[in-house]
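Engineer: Residues per chain are reported as follows:
Number of protein chains: 2
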Amino acid sequence: MAHRSPIKALAFDVFGTVVDWRSGIARDAAPVLARLHRSDIDPHAFADGWRKRYQPALEEVRSGRRAFVVLDTLHREALEDLLRHHAIDPGEFDEETLVHLTHAWHRLDPWADSVEGLTRLKTCYPVVTLSNGNIALMLAMARRAQLPWDAILGAEVSGVYKPLPESYRATARMLAVEPAELCLVAAHHSDLAAARAAGLQTAYVDRPQEYGGRPAPDASAAQDWDFSVASLTQLADELCR
Amino acid sequence: MAHRSPIKALAFDVFGTVVDWRSGIARDAAPVLARLHRSDIDPHAFADGWRKRYQPALEEVRSGRRAFVVLDTLHREALEDLLRHHAIDPGEFDEETLVHLTHAWHRLDPWADSVEGLTRLKTCYPVVTLSNGNIALMLAMARRAQLPWDAILGAEVSGVYKPLPESYRATARMLAVEPAELCLVAAHHSDLAAARAAGLQTAYVDRPQEYGGRPAPDASAAQDWDFSVASLTQLADELCR
Numbered sequence: 001m002a003h004r005s006p007i008k009a010l011a012f013d014v015f016g017t018v019v020d021w022r023s024g025i026a027r028d029a030a031p032v033l034a035r036l037h038r039s040d041i042d043p044h045a046f047a048d049g050w051r052k053r054y055q056p057a058l059e060e061v062r063s064g065r066r067a068f069v070v071l072d073t074l075h076r077e078a079l080e081d082l083l084r085h086h087a088i089d090p091g092e093f094d095e096e097t098l099v100h101l102t103h104a105w106h107r108l109d110p111w112a113d114s115v116e117g118l119t120r121l122k123t124c125y126p127v128v129t130l131s132n133g134n135i136a137l138m139l140a141m142a143r144r145a146q147l148p149w150d151a152i153l154g155a156e157v158s159g160v161y162k163p164l165p166e167s168y169r170a171t172a173r174m175l176a177v178e179p180a181e182l183c184l185v186a187a188h189h190s191d192l193a194a195a196r197a198a199g200l201q202t203a204y205v206d207r208p209q210e211y212g213g214r215p216a217p218d219a220s221a222a223q224d225w226d227f228s229v230a231s232l233t234q235l236a237d238e239l240c241r
Numbered sequence: 242m243a244h245r246s247p248i249k250a251l252a253f254d255v256f257g258t259v260v261d262w263r264s265g266i267a268r269d270a271a272p273v274l275a276r277l278h279r280s281d282i283d284p285h286a287f288a289d290g291w292r293k294r295y296q297p298a299l300e301e302v303r304s305g306r307r308a309f310v311v312l313d314t315l316h317r318e319a320l321e322d323l324l325r326h327h328a329i330d331p332g333e334f335d336e337e338t339l340v341h342l343t344h345a346w347h348r349l350d351p352w353a354d355s356v357e358g359l360t361r362l363k364t365c366y367p368v369v370t371l372s373n374g375n376i377a378l379m380l381a382m383a384r385r386a387q388l389p390w391d392a393i394l395g396a397e398v399s400g401v402y403k404p405l406p407e408s409y410r411a412t413a414r415m416l417a418v419e420p421a422e423l424c425l426v427a428a429h430h431s432d433l434a435a436a437r438a439a440g441l442q443t444a445y446v447d448r449p450q451e452y453g454g455r456p457a458p459d460a461s462a463a464q465d466w467d468f469s470v471a472s473l474t475q476l477a478d479e480l481c482r
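Sequence order for the protein chains is A and B.
The numbering of the first sequence is our numbering, which starts it at 1 and goes up by one.
The numbering of the second sequence is our numbering, which starts it at 242 and goes up by one.
Hints in this document: simulated from the structure, not taken from any laboratory.
A portion of the hints provided could be inaccurate.
Straight-line Cα separation of at most 30 Å, DSS-like style, residue types lysine-lysine; simulated pairs [stated by the list, open to error]: (1) A:122 / B:363; (2) B:363 / B:249; (3) A:122 / A:8; (4) B:363 / A:8; (5) B:249 / A:122.
Required output: the full structure, derived from the provided sequences and hints.
Structural biologist: Put into structure tokens, the structure is as follows:
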């Protein structure tokens with residue numbers, strides 16, 4: 001710890017770390033499910049099902065079996081798969097409705113501390129996204145939620161999905177800093193573990209409501225991270241002294 | 242004109258359009274030249290010589306003869322070439338001094354109307370960079386000059402230098418808009434002509450002081466652009482009604 005490099009930039013995971021994807025997706029899925037008279041499908045469970053479906057799709061790209069496609073495309077495919085899982089034919093919807101629902105991922109609300117925390121952290125360090133979300137998604141989300149990013153980096157810019165090591169290293173390179181001078185801020189131990197293995201510093205933000213109060217699927221991957229906080233405002237307290 | 246697509250985003254050329262490269266480079270070169278007792282070299286002419294030298298270097302990359310390298314690297318090479326042209330051995334300097342001088346391109350001041358203009362335009366449209374400058378350069382410049390970009394796009398993100406058509410089209414694609422829904426804002430007719438040929442809308446900003454009051458090298462490439470303004474605040478007047 002005594003020999004930790006000075007931090008020169010902060011890179012943020014976004015879904016779950018900065019914004020509450022589960023509530024946002026449930027909010028926007030609810031009226032669609034209601035119109036279909038599908039009160040048997042809980043909108044939060046629908047959100048969980050959607051989120052769960054995109055990891056295998058990401059893995060197809062990470063493995064090289066599929067050429068890079070943006071997350072908006074994977075979200076759309078996962079949505080259609082999820083609808084079929086619930087015996088709903090995606091063809092029942094017009095294209096505009098499917099696009100609008102897919103773009104629910106653009107309309108996620110920040111956690112209560114995110115905007116203030118990022119705004120304060122930005123006064124000390126460049127703050128950039130290091131998300132698997134694509135540029136148009138991150139930009140629309142940031143404009144709606146007032147997230148003051150200095151730059152939108154991440155999968156579409158590096159051409160590599162997390163948690164491949166190159167996703168973290170390419171981000172450091174684009175910022176013209178060493179991996180050890182870049183700190184990943186994330187609510188997910190698996191993401192932080194991969195970032196650490198790639199040479200980055202790590203800041204864990206606890207988001208106990210990400211899964212509606214249930215434990216995170218990667219809870220067992222916890223390590224002793226360089227920083228561990230309960231909010232982005234607390235991270236600003238620690239880093240911007 | 243009646244059938245113009247609605248604009249969905251604004252992409253900005255930066256050097257000369259948003260910031261005053263000539264004054265900034267001259268300001269930072271002056272003390273270096275003074276330390277060398279080279280009062281025979283006018284700092285503004287030094288800036289012109291530096292700027293002029295990077296176009297052939299860009300052409301090497303655009304032509305495919307050289308793999309993509311970021312503008313910081315080309316600026317450094319052009320600086321060493323310029324110093325030698327003035328019979329100054331770059332080896333006379335320590336590395337830190339050469340890096341600091343190369344990074345004068347990160348420390349350019351905005352034109353008087355740029356920050357207010359961009360801030361107002363951002364309330365109506367996403368505002369992104371479409372510059373040949375690399376991400377680290379654009380980010381450092383934006384933080385210093387308070388340029389409120391929604392995203393830093395351009396050469397390093399698309400992997401293509403302007404004015405190749407793909408540089409404009411890739412930017413539209415990353416924003417998930419059609420080329421005709423993206424408007425390039427630039428002080429350079431050559432840039433706007435290439436953007437128009439790629440299908441973008443075009444907004445010309447007159448920057449009569451870019452070359453210290455002398456005519457721009459591409460003055461003869463003027464066309465009847467979709468918008469033509471004297472400042473970014475005037476562009477906000479026209480676009481944000």
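Engineer: All the hints need checking, so say for each whether the structure fits it.
Structural biologist: Here's how the hints hold up against the structure:
| no. | hint | in the structure |
| --- | --- | --- |
| 1 | A:122 / B:363 | 19 Å, holds |
| 2 | B:363 / B:249 | 11 Å, holds |
| 3 | A:122 / A:8 | 11 Å, holds |
| 4 | B:363 / A:8 | 27 Å, holds |
| 5 | B:249 / A:122 | 27 Å, holds |
Hint compliance for this structure: every hint is met.
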